[in-house]
Amino acid sequence: EAQVTQNPRYLITVTGKKLTVTCSQNMNHEYMSWYRQDPGLGLRQIYYSMNVEVTDKGDVPEGYKVSRKEKRNFPLILESPSPNQTSLYFCASSPLGRANEKLFFGSGTQLSVL
Amino acid sequence: RKEVEQDPGPFNVPEGATVAFNCTYSNSASQSFFWYRQDCRKEPKLLMSVYSSGNEDGRFTAQLNRASQYISLLIRDSKLSDSATYLCVVTLILTGGGNKLTFGTGTQLKVEL
Chain X
1 EAQVTQNPRY LITVTGKKLT VTCSQNMNHE YMSWYRQDPG LGLRQIYYSM
51 NVEVTDKGDV PEGYKVSRKE KRNFPLILES PSPNQTSLYF CASSPLGRAN
101 EKLFFGSGTQ LSVL
Chain C
1001 RKEVEQDPGP FNVPEGATVA FNCTYSNSAS QSFFWYRQDC RKEPKLLMSV
1051 YSSGNEDGRF TAQLNRASQY ISLLIRDSKL SDSATYLCVV TLILTGGGNK
1101 LTFGTGTQLK VEL
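Protein sequence lines, in the order shown, are assigned to chains X and C. Following this note's numbering, the numbering of the first sequence begins with 1 at its first residue and continues without gaps. Following this note's numbering, the numbering of the second sequence begins with 1001 at its first residue and continues without gaps.
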């Protein structure tokens, strides 16, 4: 089944403890992206990647890192999480990252930073 | 002004009603437009793309008005299962390649018996 897989689904951590949220897609998509969703603010892009070893900042990249060493994986890294990073996170992918393409989303990761 | 604006709702409608949502965007150079559906705390899923000529998919009709910079979604004969949040998405092609997707905050629809 074609899908984007995110893990974990729920994560509670404490301030400053490094964490990684994994994202993997099995559709051979070149484009992958991370979003966070907060009440009243909609989905905001954190980072995106047009292909392997190519990553760019989105609208809210501060406090996050990403890597794209393989086409299928695009992990989101929080080196030192803070409470303002408590949010619902979504990974997404599309075939080539073109403007008219459908985005395929993972099922989300609800992160709470205490 | 926000790049993409939607009325957050909620729109509470009886089953069988027709309901319409609008979404306005600020950048006239925006290229592609979509409606996504999101159920509570779940991933957004594409409902339909929006074309200049308008397009219909069953009970759903989407329209684009470039002159007034808004898109609309019409749902006819509402079902209980239509209850969800509807996200407007606007894409801008960036100089130098790539594109930027901007999501609206969503309009919540509740269909009631």
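Note that these hints are calculated values from the structure, not bench results. Careful, some of the hints might be misleading.
Computed cross-link-like contacts, SDA-like style, restricted to lysine to any residue with a CA-CA straight-line distance of at most 20 Å [said to hold, decoys possible]: (1) C:K1042 - X:V54; (2) C:K1100 - X:Q110; (3) C:K1045 - X:P61; (4) C:K1110 - X:E79; (5) C:K1045 - C:A1029; (6) C:K1045 - X:T5; (7) X:K71 - C:G1098; (8) C:K1110 - C:R1066; (9) C:K1042 - X:Q110; (10) C:K1100 - X:Y10; (11) C:K1110 - C:G1054; (12) C:K1045 - X:L19; (13) C:K1042 - X:R44.
Cross-check of the supplied hints:
1. Proximity of K1042 (chain C) to V54 (chain X) is assessed by CA-CA distance (about 28 Å); at most 20 Å being required, the pair is judged violated.
2. Among the hinted pairs, K1100 (chain C) with Q110 (chain X) is inconsistent with the structure: their alpha-carbon atoms are about 24 Å apart, more than 20 Å.
3. For a cut-off of 20 Å, the pair hint linking K1045 (chain C) to P61 (chain X) is broken: about 24 Å separates their Cα positions.
4. Using a Cα cut-off of 20 Å, the hinted pair K1110 (chain C) and E79 (chain X) is violated, with the two alpha carbons roughly 40 Å apart.
5. Under the criterion of a C-alpha separation no larger than 20 Å, the hint pairing K1045 (chain C) with A1029 (chain C) is inconsistent with the structure, at around 25 Å.
6. Between the alpha carbons of K1045 (chain C) and T5 (chain X) the distance comes to roughly 15 Å, so the proposed pair stays at or under 20 Å and holds.
7. Distance restraint check for K71 (chain X) and G1098 (chain C): the Cα-Cα separation of roughly 17 Å lies within the 20 Å cut-off, and the hinted pair is therefore satisfied.
8. This hinted pair does not check out: K1110 (chain C) and R1066 (chain C) have alpha carbons roughly 29 Å apart, beyond 20 Å.
9. With a C-alpha separation of about 10 Å, the suggested pair K1042 (chain C) and Q110 (chain X) falls inside the 20 Å cut-off, and the hint holds.
10. Proximity of K1100 (chain C) to Y10 (chain X) is assessed by CA-CA distance (about 28 Å); at most 20 Å being required, the pair is judged violated.
11. Note on K1110 (chain C) and G1054 (chain C): the hinted pairing is violated, with a Cα-Cα distance of about 25 Å set against a maximum of 20 Å.
12. A distance of roughly 27 Å separates the Cα atoms of K1045 (chain C) and L19 (chain X); the hinted pair therefore is violated under the 20 Å criterion.
13. Restraint check for K1042 (chain C) and R44 (chain X): the C-alpha separation of about 16 Å stays at or below 20 Å, so the hint holds.
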